[in-house]
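> Residue numbers (the working numbering), protein chains in the order written: chain A, 81 to 495; chain B, 84 to 397.
The hints are simulated quantities; they were obtained by calculation from the structure and are not laboratory data. In this text, a Cβ means the ideal position worked out from N, Cα and C, and glycines have one as well. One or more of the hints may lead you astray.
Taking lysine-lysine pairs in the DSSO-like style, the calculated list, with each CA pair at most 27 Å apart, reads [unchecked claim]:
{"#": "1", "chain 1": "A", "residue 1": "K163", "chain 2": "B", "residue 2": "K143"}
{"#": "2", "chain 1": "A", "residue 1": "K493", "chain 2": "B", "residue 2": "K143"}
{"#": "3", "chain 1": "A", "residue 1": "K493", "chain 2": "B", "residue 2": "K347"}
These stretches of chain A come out as covered by chain B in the derived footprint (C-beta under 8 Å, 3 or more residues) [what the hints assert, rightly or not]:
{"#": "4", "stretch": "159 to 168"}
{"#": "5", "stretch": "470 to 483"}
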Amino acid sequence: MKRHLMGVVAAGLTVALGVSGCGKGSSSGGDSDGKTIKFVAAIYDDNTKPYWDALIKDFQAKNSGYKVNLEMVDWTQMDAKVKTYVQTKQVPDVLNYNAFSDFARDGLIYKADEVLSPGTLGDFTPTFVQQAQYNGAQYGLPFISSARLLFYNKALFKKAGISDPPATWDEVRADAEKIKKAGATGYGLPLGPEESQAEFYSWAMNNGGGWVDASGKWAINQQANVDTLAFLKDLNKSGLTQPNPETTDRKTVFNQFAQGKIGMAIGGPFTKAGFIDPVNKELDFGVAPLPSKSGTEHNTLGVMDVLAAFKKDGGKNKEAVKKFLDFFYQKENTSKFLKTEGFLPVTKSAGDALSADPYMKQFVDALPTSKFAPTSNPAWSAVAGAVKQDLGSAAAGEDPKKVLDKIQKTAEKAG
Amino acid sequence: MRDPKTGERGAAASTAPRPSLLRRTGRALAPLPWLAPSLALIATVVLWPVIEMVRTSLQKISSSGVTLGYRGGGNYTDLFGEDDLVPVVLRTLLWVAGVVVITMVLSLALGQLLNARFPGRRVVRWAVIVPWAASVLMTALIWKWMLDNYSGLVNRVLLDLHVIDEPVNWLAHPGQAMLWMMWVAVFVSLPFTSFVILAGLQTIPADVYEAARVDGAGSVRTYFAITLPLLRPAVLIASIINVINVFNSFPIIWAMTGGGPGSKTDTTTTFMYKLAFYDQNVGESGAMAVVNFALILVMVLLYLRAARWREEVR
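Extracted from the complex, chain B is given alone in its bound form:
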């Protein structure tokens, strides 16, 4: 506290300007002790790995794992020279779009169902959580076995129903394999997504619906004019997290087809792994990782822009 009558501050300022400067910088730095931990945390767990990833992509790394110095853009030239790259990237985009759109549509329905009051609702909610609790790798393996050519459950059932005449090796044909893997990916993404939607639905106050009813809106009109717009933040969050998850999804594809035959069911994530551990080319794999990272960033930014994120969440 300064005493206004003595004018101590002015006197101090005229005789010795330095303390004031110190004080000012001190004041500017004052929040630092509070900010520093989180800045340091972000730097170590977010920024540092990204820098390391970019660094790897610029290095020449021997097949044994020894770093042999910088290689400039060589790894990127190699990567863009791969015949498989373009099909893999296009397939990845298809995989992400397909899985996320289907997941969102099903989750909107499922969220609505879980939000409704009906006997046994609690049991149904638990049932929806189960696939979430199971390990993704396990789920993928179980589906791989169910689709087995010789003793799989799916072939057995279809044979007994006379839908097919002889067993189909589902996972050996790229098109069919992609569809089955997308189904598994939807299956494991549903619980999280529908619970985000459910949480969104529960934040919508009941009086909004009452007002709509008074105004004579039908249920379809109510859903599209009231429920969906109010669900927007929830849908946004759920779809962004799903896009990133599905883009980077490794266990499903690796367990079910290993990206094969050839690289016909690879996405960028499995392709990256194969570059490092099949082709023994860690540097080129690093370049793929950087491209993958950039792709996700661009996709998310485009999506946010399309969804007019700024107006929505403030």
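Chain A extracted, bound-state conformation:
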């Protein structure tokens, strides 16, 4: 008798397994009323979750009947998670991410004007609106931004007998040599798989290079880029950077920078609170424009993260999503997020609040001249991935042209 029972249980279990395994629901259940939405937020640091928890509580209190389910995802798992959501048709209603154009291409997300009130829509800074477009229409909702500038250690500069931060590449080289003589590393070059695309572009854009040509076609192996990579390789070969840039991440560079072991490195507004202060609050450092080859122009790298609103159940979620987004984009809510996390505003109204802080002001001021990676091209994620993997090996020894050719090939394959 017992055995029979076990058999029945086992059979039941397998059937249940099979059903749950094969069943691909068209959407997550329970939100058919269109008033409950799922929001997937990225974890920027320990303060992120408390911020969203408080915001959602506030939102629900002011909009009775509406509910937001929050899911926090770490940046390292974000790509994998997002792919799974899309493949299993379990997309969130709102996603906080760094890419949107392939969702737009595949018809997965709303246009910005479908889920934002005109007031909110008009408040975005035009630079970011341009970055959030795909095929001429705005799909991405600018969320936070960031700019990159040159950080330098004032004490080391004094010790090496340098008065001003470098403006040209020749000066970078000369200063790095002086700092090396003073017993420290001249320039910290993070070309490891973490964010080498940002580091490289910061140099390339100040040599007239970039990811695409004037017509928007991939031009990763253009001469200006090859020259830039050769310059960085030469810095490394001359012993003016830390050893092995191809395996070094920003965190390591700024850890050393904070300890006074590195003279110069490129960082963003979050660098002080995130990387320098935890190691050495007393560090005397300055922030300067990114050096360029000629010394005449100084472009800044701009970075933008976005929110994307997914289409679900034939548009039933539109109203709730709109309510939630308009709530978040209220001035006090956005600026609170920016202050908590150390990022720059994407809306005009939140802009002024941050300029009071002299450290942050330098970055806010740099934003209008900033250049962005071509995030509106759906192939950009694949290109960034290829750059992260391979670019560093050029600084270590491979031929720069060959490495850039390989990345160009990946870019063309991705579309």
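Mind docking chain B on chain A? Use the hints.
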């Protein structure tokens, strides 16, 4: 129970043949209720994922994750067109062979040691289990920090002993990085393997050794003529499981070098991950997964054949 005198079965068969046929098929299907659960279980947890994997490798999947229909062998053409593929596969074979052979040799020694009677044996057995209980990812991370260029313990010790003059960035040089990662892989495979060997050693009856002693065999002769042959099933099982584990080992490489610089320390497993999440090409990654799966099957089958599995285990 049939009554032989009435011949009921024959009569029934002549007047109505159908019940007999029914009964026969019924009898053939009788074990089904007992077999079905395990068949269903195998189908869902083993076969279905494999089918899904092959299906993925034949599809065109957009970078956002949307499936855009069948692509035939396109993903495979792309995969075999990758310059990195051949070095990665060769490195994987080297990685598996190296780790498994070293692990087996060390485990045979360790198993022997654990099987011997000595004071404090229980403590030593526990000590061998510890690396098994620790998470592999944690072990790999700890080694990554110990090998750190600036503040790693390994560089500190070597500097203080004047073995090296300046810190070495161990994990930045592909050759050295591979050796260190293989060492970590051996370190985490040892506990399981040596306990399988230990279990094998304990099944060998003592009288076999007594007979050998009576015949005048020395300890080396005894080991190679008696212990090793009798350990064969244990060695077989341990090495097959290790081959599969090491082949698919992801956390060690991912935590220590991320397969870098470039793809110079990638194995097929990390390469597969990079194809999907760096190159945003899930389909090609699926093709890599199928190739990986086939490689493991072939390797295990070749090994079983070489080890003459059928004669051994029946």
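> If a hint holds in the structure, say so; if it doesn't, say that too.
Against the structure, the hints:
1. Our distance criterion of 27 Å between C-alpha atoms is met by A/K163 and B/K143, whose separation comes to about 14 Å.
2. Using a Cα cut-off of 27 Å, the hinted pair A/K493 and B/K143 holds, with the two alpha carbons roughly 13 Å apart.
3. A threshold of 27 Å between alpha carbons decides the hint, and for A/K493 with B/K347 the separation of about 22 Å falls inside it, so the pair holds.
4. With a threshold of 8 Å between beta carbons, the proposed coverage of the stretch 159 to 168 of chain A by chain B holds, since 8 of its residues qualify and at least three are required.
5. Counting residues of the stretch 470 to 483 of chain A whose C-beta lies closer than 8 Å to any C-beta of chain B gives 5; at least three are required, and the coverage claim holds.
Comparing the model with each earlier hint shows no violations; every hint is respected.
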